[in-house]
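Line by line, the protein sequences give chains X and H. All residue numbers for the first sequence refer to the numbering used here, where the first residue is 622 and numbers rise by one. All residue numbers for the second sequence refer to the numbering used here, where the first residue is 1190 and numbers rise by one.
Don't read these hints as lab results, they were simulated from the structure. Certain hints may be false.
Below, simulated DSSO-like cross-link-like pairs (lysine-lysine); rule was C-alpha separation at most 30 Å, straight line [what the hints assert, rightly or not]:
(1) H/1204 with H/1470
(2) X/630 with H/1355
(3) X/623 with H/1370
(4) H/1321 with H/1370
(5) X/630 with H/1338
(6) H/1299 with H/1338
(7) H/1427 with X/630
(8) X/833 with H/1204
(9) H/1437 with H/1262
(10) X/630 with H/1437
(11) X/630 with H/1258
(12) H/1300 with X/623
(13) H/1299 with X/623
(14) X/630 with H/1321
(15) H/1470 with X/623
(16) H/1419 with H/1470
(17) H/1309 with H/1262
(18) X/623 with H/1437
(19) H/1427 with H/1370
(20) H/1258 with H/1309
(21) H/1321 with H/1258
(22) H/1309 with X/630
(23) H/1355 with H/1321
(24) H/1258 with H/1419
(25) H/1321 with X/833
(26) H/1370 with H/1300
(27) H/1204 with H/1299
(28) H/1470 with H/1427
(29) H/1262 with H/1338
(30) H/1338 with H/1309
(31) H/1321 with H/1309
(32) H/1338 with H/1355
(33) H/1338 with X/623
(34) X/833 with X/863
(35) H/1437 with H/1427
So, partial list: chain X residues that the calculated Cβ filter (under 10 Å) puts toward chain H [to be verified]:
(36) 624
(37) 626
(38) 631
(39) 666
(40) 668
Beta carbons: idealized from backbone N, C-alpha and C, even for Gly.
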Amino acid sequence: MKNFYWLVKREFWEHRGSFLWAPIITGGVMLVLTLMSIITAEVFRSRSGMHVNGIDFNAITAHMGADALNTVGSALDISILAPGILIGMVLFVVVFFYCLGSLYDDRRDRSILFWKSLPLSDRDTVLSKAFCATVLAPAIAIIASVVTGLLILILMALTASLHGANLWQMLWTLPHPFHVTAAMLSVIPLYVVWALPTVGWLMLCSAWARNKPFLWALIIPVGSGIVVTWFNLMGLFDLDNKWFWGNVVGRALFSVFPGGWIPGQFANEAGSKFGHAATDNHQIFAGMLDLSHNYAVIASPQFLIGAAAGVAMLAGAIWFRRWRDDS
Amino acid sequence: MSAVITASGLSKRYKSSLALDNVSFQIAPGRIVGLIGPNGAGKTTALKAILGLTDFTGELNVLGFDPRKQRDKLMGEVCFIADVAVLPRWIRVHEVVDFVANVHPRFDRKKCEAFLARTKLTPGQRVRQMSKGMIVQLHLALVMAIDAKLLILDEPTLGLDILYRKQFYQNLLEDYFDENKTIIVTTHQVEEVEHILTDLMFIRDGRIVLDADMDAIGERFIEVMVNADKADAARALKPIDERQVFGKSIFLFDGVERAQLEALGETRRPSVSDLFVATMKGTYT
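All chains, full assembly: derive it from the sequences and hints.
What follows is the structure, encoded as structure tokens:
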């Protein structure tokens, strides 16, 4: 356990820039942009001579129906989620390239000879790297998203209160901000398992490739997708190529994208119980934030088979890490 | 005491060549063994096999472990420095000391810090900011603070200037080596290690061509400086090497009676590098 802790710490030292600073800087940029747009809005408003003074928010909320209140709540949710989406994209890039380099870079610069001179097993080394990709980096990214989202909300509330509107009450009385935060944190375990096929595939390439792991990681799934599509076009056998691209190529390369299971879920539901209701914004938001709804994906075959494939590929990565002899 | 390393019938084939060809040897504790051979002779492969970094066929026992199956346990007892530039370039001095201190049960942090205090290294310095000489100082400080039974050095001083090279071996002898430790070293700078070696192993084309301790080598190989008039008599005794210096011939003999040679001229113990050159004749042709 102690070894594992230090192995993770070692990864964090090496990748502090991408694990810690990338999400913080992205969040900071979002904050600055928000601030700039607020200032712009204020400047334009004062130039045009419009004054919106003394809006009594309590009076408004009192007159709002449940529906309207819900809409405001969703708007607040979006402002918390928005940084999450951008930081999520950054996280995707970070985790993707981290996995690709994780078992390759030290072979290239031969520092693997130093790591292998320590009494650490190859299994622990590989697992510590997988842990960083699936738990450590996403957790930091989510915390950064939540903090940025809350800061943006506070900024908006401050601006509103400058104009006499009291959004504070809205912030603390509606359950939304906490609900969103809790929902984002609660999907980490789901993310870990969902990301396994991509993490496993990239780390397998990283441990196996003698050079250019990026190219191999891309060429093999994309190439096989093209072959399947071609066979399909030729009508040689009937393998659903859409299914192949989505469930094999897509899962091998893009599962580290946070919330990757959500589109599939809605596609399923659109066809079944919700009908077109699922296209309704409220429903989508409610679904994204609903714990049981998110966790429903666990039961789906693509989730379970993907996880099993990911674990198998990680085992392959451990084997290659042990026996690849080219340094 | 039982042997530190016992190898029998060790073979390793790479795609096109045989890197180790049915090699057998034993290394006893408390020895400093020089493993010396031309480029591509199989030195590094042999060391990798001992360290569990490569697969091979045959039997190999290192400190009671099978390096193929128990590499991580073995590494608790073995240290190695594989040439100079293998410390990760991003790591800082205090980070690497912290890391090794926490994952290596035999690491003595105080000892390491004492070694580091003798160098110009600072805790916040990254490996990428160091010269080659400084990197090897850091690596040596880490390794010397580990109470390991076996230390393996693969070209540890490659590319260092002479000050660092001298200091490296001096530190190793004065502050590290004792009768419970064993050191295996490969190097091309034979002159620098020959006075510290207790045993010599020559390897050529994947085979051990000489495996003896230094005393035995002094008995077996004798160099004689012969005047021109006795040169033919010397040649009759089948020397393994002959060279000319200042009008005299220097002959190297393998296993010829010392008394017989003393009659020909002044005898002395050959240097390891002369012995090496004579043994490896024709390797590259």
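Checked hints:
Of the supplied pair hints, the one linking residue 1204 of chain H and residue 1470 of chain H holds, its CA atoms being roughly 26 Å apart against a limit of 30 Å. For the given pair, residue 630 of chain X sits about 36 Å from residue 1355 of chain H by alpha-carbon distance, which is inconsistent with the 30 Å threshold. This hinted pair checks out: residue 623 of chain X and residue 1370 of chain H have alpha carbons roughly 28 Å apart, not beyond 30 Å. Simply put, residue 1321 of chain H and residue 1370 of chain H have alpha-carbon atoms about 26 Å apart, close enough for the 30 Å limit, and the pair holds.
Only pairs whose Cα atoms come within 30 Å are accepted, and residue 630 of chain X paired with residue 1338 of chain H is accepted, the gap being roughly 28 Å. Simply put, residue 1299 of chain H and residue 1338 of chain H have alpha-carbon atoms about 19 Å apart, close enough for the 30 Å limit, and the pair holds. Restraint check for residue 1427 of chain H and residue 630 of chain X: not satisfied, since their Cα atoms lie roughly 64 Å apart, outside the 30 Å limit. Simply put, residue 833 of chain X and residue 1204 of chain H have alpha-carbon atoms about 21 Å apart, close enough for the 30 Å limit, and the pair holds.
Between residue 1437 of chain H and residue 1262 of chain H the alpha-carbon distance is near 56 Å, which puts this suggested pair outside the 30 Å criterion. At most 30 Å may separate the alpha-carbon atoms for a hinted pair to count; residue 630 of chain X and residue 1437 of chain H exceed this at roughly 66 Å. With a C-alpha separation of about 27 Å, the suggested pair residue 630 of chain X and residue 1258 of chain H falls inside the 30 Å cut-off, and the hint holds. Taking the CA atoms of residue 1300 of chain H and residue 623 of chain X, the gap is about 22 Å. The hint holds against a cut of 30 Å.
Annotation: proposed proximity of residue 1299 of chain H to residue 623 of chain X holds, straight-line Cα distance about 21 Å (limit 30 Å). Our distance criterion of 30 Å between C-alpha atoms is met by residue 630 of chain X and residue 1321 of chain H, whose separation comes to about 26 Å. For the hint pairing residue 1470 of chain H with residue 623 of chain X, the CA-to-CA distance comes to about 53 Å; that exceeds 30 Å, so the pair is violated. The hinted pair formed by residue 1419 of chain H and residue 1470 of chain H meets the criterion: a straight-line CA distance of about 25 Å does not exceed 30 Å.
For the suggested pair residue 1309 of chain H and residue 1262 of chain H, the alpha carbons sit about 33 Å apart, so the restraint of at most 30 Å is broken. Restraint check: the Cα-Cα separation between residue 623 of chain X and residue 1437 of chain H comes to about 67 Å, which exceeds 30 Å; the hinted pair is violated. Between the alpha carbons of residue 1427 of chain H and residue 1370 of chain H the distance comes to roughly 40 Å, so the proposed pair goes past 30 Å and is violated. Between the alpha carbons of residue 1258 of chain H and residue 1309 of chain H the distance comes to roughly 40 Å, so the proposed pair goes past 30 Å and is violated.
Taking the CA atoms of residue 1321 of chain H and residue 1258 of chain H, the gap is about 34 Å. The hint is violated against a cut of 30 Å. Among the hinted pairs, residue 1309 of chain H with residue 630 of chain X is consistent with the structure: their alpha-carbon atoms are about 26 Å apart, no more than 30 Å. Distance restraint check for residue 1355 of chain H and residue 1321 of chain H: the Cα-Cα separation of roughly 14 Å lies within the 30 Å cut-off, and the hinted pair is therefore satisfied. Distance hint between residue 1258 of chain H and residue 1419 of chain H is unfulfilled; the C-alpha atoms sit about 59 Å from each other, more than 30 Å.
Taken as a hint, the residue 1321 of chain H and residue 833 of chain X pair is honoured in the structure, with Cα atoms around 28 Å apart against an allowance of 30 Å. Straight-line distance between C-alpha atoms of residue 1370 of chain H and residue 1300 of chain H comes to about 17 Å, which keeps the hinted pair within the 30 Å bound. Taking the CA atoms of residue 1204 of chain H and residue 1299 of chain H, the gap is near 46 Å; set against the 30 Å cutoff, the hint is violated. For the proposed pair residue 1470 of chain H and residue 1427 of chain H, the alpha carbon gap of about 15 Å is at most 30 Å, so the pair holds.
At roughly 13 Å between alpha-carbon atoms, residue 1262 of chain H and residue 1338 of chain H fall within 30 Å of each other, so this suggested pair holds. For a cut-off of 30 Å, the pair hint linking residue 1338 of chain H to residue 1309 of chain H stands: about 28 Å separates their Cα positions. Using a Cα cut-off of 30 Å, the hinted pair residue 1321 of chain H and residue 1309 of chain H holds, with the two alpha carbons roughly 13 Å apart. At roughly 23 Å between alpha-carbon atoms, residue 1338 of chain H and residue 1355 of chain H fall within 30 Å of each other, so this suggested pair holds.
Restraint check: the Cα-Cα separation between residue 1338 of chain H and residue 623 of chain X comes to about 24 Å, which is no more than 30 Å; the hinted pair holds. At most 30 Å may separate the alpha-carbon atoms for a hinted pair to count; residue 833 of chain X and residue 863 of chain X meet this at roughly 28 Å. Pair hint residue 1437 of chain H plus residue 1427 of chain H holds up; C-alpha atoms about 17 Å apart against a cutoff of 30 Å. The interface hint given for residue 624 of chain X holds, since its Cβ lies 5 Å from the closest Cβ of chain H, which is under the 10 Å cut-off.
Hint on residue 626 of chain X holds. Least Cβ distance to chain H is approximately 8 Å, under the 10 Å limit. With its C-beta approaching chain H no nearer than about 6 Å, residue 631 of chain X sits inside the 10 Å limit, and its interface hint holds. Nearest Cβ of chain H to the Cβ of residue 666 of chain X: about 49 Å, over the 10 Å cut. The hint is violated. The restraint placing residue 668 of chain X at the interface with chain H is violated, with a minimum CB-CB distance near 51 Å, outside the 10 Å limit.
When the structure is compared with the earlier hints, violations turn up for hints 2, 7, 9, 10, 15, 17, 18, 19, 20, 21, 24, 27, 39 and 40 and for no others.
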